[in-house]
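S.K.: For reference, the chains in residue letters:
There are 2 protein chains.
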Amino acid sequence: MDEVVVTSRIRLARNLSDVPFTIKMNDYDAGLVIDRVRDVISKNKQYKFDFYEIRKLPLLKRQVLIEKHLISPALVSSKIKSAVAIDQNENISIMINEEDHLRIQVLYRGQNIQMAWEDANRIDDFLEEHLPYAYDETWGYLTSCPTNVGTGLRASFMLHLPALTLLGYMKEIIETITKLGIAVRGFYGEGSEVVGNLYQISNQITLGQPEEDIIANVISITNQIIEQERQARLKLLNENRAFIEDKVYRSFGILKYARNISSNEALRLISDVRMGISMGIIKEVTIDKIDVLLNLIQPAMIQDYFGREMTPEERDIKRAELIRKILD
Amino acid sequence: MDEVVVTSRIRLARNLSDVPFTIKMNDYDAGLVIDRVRDVISKNKQYKFDFYEIRKLPLLKRQVLIEKHLISPALVSSKIKSAVAIDQNENISIMINEEDHLRIQVLYRGQNIQMAWEDANRIDDFLEEHLPYAYDETWGYLTSCPTNVGTGLRASFMLHLPALTLLGYMKEIIETITKLGIAVRGFYGEGSEVVGNLYQISNQITLGQPEEDIIANVISITNQIIEQERQARLKLLNENRAFIEDKVYRSFGILKYARNISSNEALRLISDVRMGISMGIIKEVTIDKIDVLLNLIQPAMIQDYFGREMTPEERDIKRAELIRKILD
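Top to bottom, those sequences are chains A and B. Under the UniProt record's numbering, the first residue of the first sequence carries the number 1, and numbering increases by one thereafter. Under the UniProt record's numbering, the first residue of the second sequence carries the number 1, and numbering increases by one thereafter.
Read the hints as simulated data drawn from the structure, not as lab findings. Don't take every hint at face value.
The list makes no distinction among identical chains, and a pair is therefore deemed to hold if it is satisfied within one copy or across any two copies.
[Unchecked claim] The calculated DSS-like cross-link candidates involving lysine-lysine, where the alpha carbons are at most 30 Å apart (straight line), are:
1. 235 - 318
2. 283 - 325
3. 235 - 45
4. 283 - 318
5. 325 - 289
6. 318 - 79
7. 24 - 61
8. 61 - 45
9. 235 - 48
10. 318 - 179
11. 43 - 179
12. 56 - 179
13. 318 - 56
14. 289 - 45
15. 235 - 289
Fair warning: this is a prediction, and the values are worked out from it, not measured in the lab.
Can you build the whole structure from these sequences, using the hints too?
M.R.: So this is what it looks like as structure tokens:
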């Protein structure tokens, strides 16, 4: 798998023209929107969706969907009825009554933004055929938050940037790309901190440019960051090979043998090992396996994996157990 | 092997009556003592000794002998000619012109003080047959330092006390046993710090008691400490099993995978793993193997193992390599 790009994601924000926007919506209207969208989605022949009303989902299951990046925390904390449709491959999710009536999201592993865009576009076209979108000739798609007006598009990459971080270059890079209209977020999206050297890079601006140009701009800037990260890894290898070999292998050793580990520590160690694999140092495990871990070690995912609720203390022990199992 | 007693050691201090003591000795006399002792030792039929004049030994080899506890740093830094006779099993060493003309030392792994005492006694008797010992009817054997007068005997154990250390009991124990005439030292003997939770326990007093009573007293106090350490390990296991399992296995993981490691860090990690094995937690390696490591990771031993001199930086890398090899 891609040594820098962990995931690629497209998100489209859409609203219905004949219902108040979610901020002014009552539960009755919210229910109607859910029913209408569900009805439309069920007619789609290309994808097979599972449909979940958030309020009816157990708390743990909601958290699992958040950790899989299939729904947002905002969808769960919504004051009105909310729902989500998820395709069986878990690449596509359509959130209903989050900040907007519709949030179409497509997420793929690796550098696959084009594929995500094609899927999102196809689903958007299909929904638009059957639902009256709030659209303005001048402004484009109308959204709850003005930052999404126009295309309603967010194209984002989850990038693994351990070398740039280790060399202390990230502050400057973030300053530079922010000026170029790029937003930088942490592993868990908006407002979240960067853990495991995972940075979410996306367009800030949704207006005044065709979708393809917005995506091309994010790709172009991302490609530059990827190149910088690769150069940084080479620099580390050339100038500090002994240090780096020791660092990544110690992290691997701890992951392989720890009996008790928090998710943040696990992310930090996984980040080291992921870099170690990409540098050709660690050969005992693949990036694919490490990326499985990256998802599985999250608090709700751990509980989902073992099929029961756990205290945080128990989770740390079972997390270590799961990591050992997968690395073995 | 013994989970608490790493080594048992007997040392006898002796001097010749017809030569000035080492503090007043010139190089000529020192050479004569060496020749006389060498001559006597060569007649011994029971043990086969190798004989080394310290000044003729390469620096690295001297350091190796110190790290094997076969000679003392004082023998190496002696201003007069000094030498050592070492038996082929490397259990017995006879230092010549250290603080006293003769230092007979016998060292065994594990709880084997009785065997060490028998060997030392036998060699002492043999030497006394052929050499005029400085002996006083009232005081017993005369020595350079008054603390050794009488029996000239030091009986010592190297104890591994990780649980008592972790629980913070060692300060009090050291205070108590010091009052009972017991000296506590570090891994490298007099004046050295405790590393790897290794404590050297020995009698302070050499006068006014038969040798057997001195040894019995050290054994008795040591047995109490061993019992306390066993209880402390049980307490840790019963009250903090998750913490201890994690701690010892993380140390094992780092040892198995690190690419760069100092001797002090290695001793610390080895100490954890040694405790983990004795607690039945770690089953991937034996205490015997760990005790091989305990010796091999020392700076000169590493260079000796790889057959060449190294910078400290290179040593840390080769130490990690050697540890991985032995743990594999």
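S.K.: Are the hints correct? Go through all of them and say.
M.R.: Against the structure, the hints:
no., hint, in the structure
1, 235 - 318, "between (37 Å within a copy, 24 Å between copies)"
2, 283 - 325, "both (17 Å within a copy, 17 Å between copies)"
3, 235 - 45, "neither (50 Å within a copy, 64 Å between copies)"
4, 283 - 318, "both (25 Å within a copy, 20 Å between copies)"
5, 325 - 289, "both (11 Å within a copy, 26 Å between copies)"
6, 318 - 79, "neither (34 Å within a copy, 61 Å between copies)"
7, 24 - 61, "within (28 Å within a copy, 85 Å between copies)"
8, 61 - 45, "within (27 Å within a copy, 80 Å between copies)"
9, 235 - 48, "neither (47 Å within a copy, 57 Å between copies)"
10, 318 - 179, "neither (43 Å within a copy, 48 Å between copies)"
11, 43 - 179, "neither (43 Å within a copy, 89 Å between copies)"
12, 56 - 179, "neither (42 Å within a copy, 71 Å between copies)"
13, 318 - 56, "within (27 Å within a copy, 59 Å between copies)"
14, 289 - 45, "neither (33 Å within a copy, 64 Å between copies)"
15, 235 - 289, "within (26 Å within a copy, 38 Å between copies)"
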